[in-house]
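A.B. asks: Just so you know, the protein sequences line up as chains P, E and F, in that order. Read in order, the letters of the first sequence are residues 1 to 258 in the working numbering. Read in order, the letters of the second sequence are residues 1 to 761 in the working numbering. Read in order, the letters of the third sequence are residues 1 to 126 in the working numbering.
Rather than coming from a laboratory, the hints here were simulated on the basis of the structure. Certain hints may be false.
Said to hold, decoys possible - Taking CB as the label site, the calculated pair distances span:
1) E:Arg328 x P:Gly68: 46 to 56 Å
2) E:Gln73 x P:Thr182: 46 to 56 Å
3) E:Leu222 x P:Asp82: 25 to 35 Å
4) P:Gly13 x E:Leu411: 32 to 42 Å
Every residue, glycine too, gets a C-beta built ideally from N, C-alpha and C.
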Amino acid sequence: CGNQVGTDEPLDGYSAEEIFTRGEYVLENNRRIEPAMRYFREVERLYPYTDWARRSLVMQAYALHRDGQYDEARATAQRFLDQYPGDPDAAWAAYIVALTYYDQIEDVGRDQGLTFQALNHLRYVIEQYPNTEYARSAVLKFDLAFDRLAAKEMEIGRFYLSRGNYQAGINRFRAVVEQYQTTTQTPEALHRLVESYLALGLRDEAQTAGAILGHNFRSSPFYEDSFRLLTAAGLSDQAQGTSWLNDIYRRTIRGEWL
Amino acid sequence: GGAAAQAYRFSNIDVQGNALIDDDQVVAFARIVRNRSMSGADLNAAYQRVAGTGFFRQVDFTPRGNTLVITVQEYPLISRVAFEGNRRLNDERLGGVVTSRSGGVYSPATAEADANAIAAAYAEAGRLSARVTPRLIERANGRVDLAFEIEEGAVVEVERISFVGNRTFSERRLRGALATVQAGRLSTLFRADNYNEARVARDRQALQDFYLSRGFVDVQVLSGVTELTRERDGAYVTFTIREGQQYRIGRVSVVSEIGGIDAAPYQAALTDRTGMLFTPTMVESLIQQAERVGYEAGQRFVRAEPRLVRNERDGTIDVELALVRGERVFIERIDIQGNVATQDNVIRRQFDVAEGDPLNPREIREAAARIQALGYFSDVQVNPVAGSSPEQAVVDVQVEEQPTGSLGFGLSYGADDGIGGSITYNETNFLGRGQRLSVQVSTVSSARSLSFNFTEPALLGRDLAFGIAVGLSSTTSSESAQFGTQRLQFSPSLTFPVSEFGRLSVRASISRDELTVTVPYDATPAPTGTDTVAARIRQDAGTTMTSSVGYTYSFDTRRNGRDPDRGFVFRFGQDLAGLGGDRRWLRSTVMAGYERRVFNGDVTLRAEFEAGAIAHQSGDSRINERFVLTSDQFRGFSAYGMGPVAYSPNGTRNGLGGNFFAVARLEAEFPIGLPAEYNMHGGLFMDVGSVWGIDNPGTTCVGPAPYSNCVIDDRTLRATAGVSLFWDSPMGPLRFNFSTPIMSEDYDQPRRFDLSMATRF
Amino acid sequence: CSPIMRYHGYAPSDEDLAQIQVGRDTRETVAQAIGQPGMGGVMEGSGWYYVQSDWRERGWRAPEEVDRQVVAISFDQGDRVSNIERFGLADGQVVALSRRVTDSGPRPSVMSQVLSALGQFTSLGG
Chain P
1 CGNQVGTDEP
11 LDGYSAEEIF
21 TRGEYVLENN
31 RRIEPAMRYF
41 REVERLYPYT
51 DWARRSLVMQ
61 AYALHRDGQY
71 DEARATAQRF
81 LDQYPGDPDA
91 AWAAYIVALT
101 YYDQIEDVGR
111 DQGLTFQALN
121 HLRYVIEQYP
131 NTEYARSAVL
141 KFDLAFDRLA
151 AKEMEIGRFY
161 LSRGNYQAGI
171 NRFRAVVEQY
181 QTTTQTPEAL
191 HRLVESYLAL
201 GLRDEAQTAG
211 AILGHNFRSS
221 PFYEDSFRLL
231 TAAGLSDQAQ
241 GTSWLNDIYR
251 RTIRGEWL
Chain E
1 GGAAAQAYRF
11 SNIDVQGNAL
21 IDDDQVVAFA
31 RIVRNRSMSG
41 ADLNAAYQRV
51 AGTGFFRQVD
61 FTPRGNTLVI
71 TVQEYPLISR
81 VAFEGNRRLN
91 DERLGGVVTS
101 RSGGVYSPAT
111 AEADANAIAA
121 AYAEAGRLSA
131 RVTPRLIERA
141 NGRVDLAFEI
151 EEGAVVEVER
161 ISFVGNRTFS
171 ERRLRGALAT
181 VQAGRLSTLF
191 RADNYNEARV
201 ARDRQALQDF
211 YLSRGFVDVQ
221 VLSGVTELTR
231 ERDGAYVTFT
241 IREGQQYRIG
251 RVSVVSEIGG
261 IDAAPYQAAL
271 TDRTGMLFTP
281 TMVESLIQQA
291 ERVGYEAGQR
301 FVRAEPRLVR
311 NERDGTIDVE
321 LALVRGERVF
331 IERIDIQGNV
341 ATQDNVIRRQ
351 FDVAEGDPLN
361 PREIREAAAR
371 IQALGYFSDV
381 QVNPVAGSSP
391 EQAVVDVQVE
401 EQPTGSLGFG
411 LSYGADDGIG
421 GSITYNETNF
431 LGRGQRLSVQ
441 VSTVSSARSL
451 SFNFTEPALL
461 GRDLAFGIAV
471 GLSSTTSSES
481 AQFGTQRLQF
491 SPSLTFPVSE
501 FGRLSVRASI
511 SRDELTVTVP
521 YDATPAPTGT
531 DTVAARIRQD
541 AGTTMTSSVG
551 YTYSFDTRRN
561 GRDPDRGFVF
571 RFGQDLAGLG
581 GDRRWLRSTV
591 MAGYERRVFN
601 GDVTLRAEFE
611 AGAIAHQSGD
621 SRINERFVLT
631 SDQFRGFSAY
641 GMGPVAYSPN
651 GTRNGLGGNF
661 FAVARLEAEF
671 PIGLPAEYNM
681 HGGLFMDVGS
691 VWGIDNPGTT
701 CVGPAPYSNC
711 VIDDRTLRAT
721 AGVSLFWDSP
731 MGPLRFNFST
741 PIMSEDYDQP
751 RRFDLSMATR
761 F
Chain F
1 CSPIMRYHGY
11 APSDEDLAQI
21 QVGRDTRETV
31 AQAIGQPGMG
41 GVMEGSGWYY
51 VQSDWRERGW
61 RAPEEVDRQV
71 VAISFDQGDR
81 VSNIERFGLA
91 DGQVVALSRR
101 VTDSGPRPSV
111 MSQVLSALGQ
121 FTSLGG
């Protein structure tokens, strides 16, 4: 309906559907969500527990999430799930709850508490609402979040590797190879194992790790690194790493850990 | 009604008694599928679901043949939630605290819970006496409005802290150790002092640590007893202290309870600490020294367990370290959680141990202390928890971040440079990498400066701090200095520990200095044609580039030394200019200081000696290279107020600074008997020293004043003495110095009163 | 400046190893005698390894590994000890660590972090 409903005058005269569609229209067409939120709240206040009230509640959660107000979006979506568990939109609400965690995932150097939360809620969406579009995109996001956890293990492994605590590094890299095989971190984990075992002088373990890497990830650039290390060509008496100045740039300015 | 245990099949469901919630919604709650057989248990589950929604006061299921009748009695629905009488906490904040919502259901229980939640939010903000009552307003068609009436009451300020049972330390000394600031006049501006349990608990712990670190092994600080004043706007906090006896260390011995391990080498490794105060850190360092001997012998599981023998008569404790075999437990993982801003490696590198190492509780405690000392976290919990096997433990690190960036506005008054303002932004945990960054812009009446500092505390992961300092400063001529200066300086530095309290810092510096005498300040207008600028100053005019390298060795035990009431500081530094640039000189400075608290910490005695010398090889020294003593290096004189002077043809006096300086400062700070809440104490000081040495002075002045067109550089000693008054005002620390020169020259410029105030709010 | 020593890991001494008989001992009896290994091999059923290393740190210089003991206990198909070897520091190999790092999701650019860092400042006072 084209008539521009004032943002503050009372809406009692309009039907639930009119206010709802008004709210949807306003939400689509401008970045700020306050006007749309007001419409959806009014629908819920004037016509509680009608079908429109239910849909405006989930729309509020969607709008809040789109606007980046993650805590409020999560609370609203959770309220929807508590009040209307069996509703067809429940899948969408559960997905929104998962997204509020997923979108705030920190970089690997920081606490991955949000990643765990995101994983749990994404798994809930995948298992509770299996054949919905939300489950499909939840699977994709689940893999990305899972990869993030593996990346954190690798980051800590590299921290110990760079300090010469090979045993600590090896245990972290083996954790990635055993518990996170499906992630993109596995080739690097195997290569780091080659490096660590060679550093300790355990050549046959290094060979085994290199063989697994070659067998499963022949095209990975890490396999080339390992191959060079394992073949005679790679062996050299002193580490010819990059200049210490480059080291300072990488670690102090770029914040790399290695 | 309860359902009998046989199968049901309902073709339709009739909902009665619902005015607000429509029928199919209630059916959706029950989740009953029509025309499907269901057992009694299914029916009961459906009943529980509907009842569980909390919307209905009363729910009944009565099956009649193939129709199920659901009769419900609804709670009223809330149309609007309102807060009345709240000034300190706005509606939006309170909205977040309460669970009742417009469009939600009114239930007396949730309304009561919300009222308590609001009262708790006010208590948190220091308003213990807030009272909240929920009120119901009936609306048309069964709706209600829910209003919370709030009487906020006054902010409960901590009126007075008092101590009971403190025999050894005075009330002022203990209050100094506490964080809670007594309620001063401007206290409403500062939140530090309004009452809140967590802070009182922290103060109790601070008192406990204060006593423990001074040898009071059995101290008991009973939690602060608080009574609210009648008007309930102030609280009296009383800490009851049972000091117990102060103990010193007696005999320290080592006994081995492990076969094949002889105690002698362990005993030999311990430094003799008899007679020193018995403190937790002292015992820890004894254990560390003993266990290091084990490590060096390749033994990974030798633990030194302290066993204490107390002899009350002579107030000493004998420490017997028993060498026992630590159980074979390894660190499976170090899990760091809560670091939402700080990078994991900044915390992980505080551990000396790595994953896979044997678990040594002492090293875990030391790591926890180092993480706490970073200053990025309001709370640090580090404790080993069970691992995946009895031989493994996970070190669980929980941190709670606190803001580490701060933007400070400073207002300062110094007698030399008048009223000044400064803006400082500094961040101690830049980008969560533990790097420190600070930018300061400050202006004083005759000087402006912009300085930028960046420090990386662990370059390449080592205990090596890399710093970059960039400074731009300019001064205009004033009555005490007839020239303007402009300096641009860039200086990288590396600092690393050389011993437990010693640090060595090496630096390079490039600076461009410009001295201008174009518009000389002239107190008395001179006849035209005469040069109103002193010759020795005009000689320094111009621009120079100086590049220098230098080092400073510093040794400081004042803050975290062994004995909290005694400290020593020593600094020696040299800078060599001449590798490139057009200035060649060698500058050395030395500073030694000793500080001691006596009479149970009430009186602080401080003695400092400071000296410096600069030797030139590229012509005469320039004024910006010579030493000039500020008013807190030598109290009682203005800047350039002592030392070599040059007189311009028309008799204007110009301080020149000197190539050498030496000053000794003696000081005592003591309480002056005022009631504690004035936060004032007094001090006596005496400074003796001189600034001298100017090369190529030109004609030296002779005969009585007034002098003109000549230089005076007589190496005479100056001395001043005075009293000072310290006031920890709510606006910041103030220091008033009243001084009189005892030995000075007639051409010196003494300053008898000096006020320095630096506030940052 | 006085060097500081750092001690990592744990490797059984020769007396401890003397209790283990090649061909007789199984993983359980080895574990009772000298404890669980610090780390294992890549594959299931591969050897057990105990690593111990001493490091010296002097002033600003990089920490230097001064001694390393690696005890490797390998097992045959029947899970019986087949060989006990001890590797020292010299047997290890100086390895140039690869700088390549798998992309681990968006790492906020330095600029964005600076802006966010500037965003959160608190008033310094009380």
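A.B. asks: If a hint holds in the structure, say so; if it doesn't, say that too.
C.D. replies: Each hint, compared with the structure:
| no. | hint | result |
| --- | --- | --- |
| 1 | E:Arg328 x P:Gly68: 46 to 56 Å | holds, 51 Å |
| 2 | E:Gln73 x P:Thr182: 46 to 56 Å | holds, 54 Å |
| 3 | E:Leu222 x P:Asp82: 25 to 35 Å | violated, 46 Å |
| 4 | P:Gly13 x E:Leu411: 32 to 42 Å | violated, 59 Å |
Of the numbered hints given earlier, the model fails hints 3, 4; all others are met.
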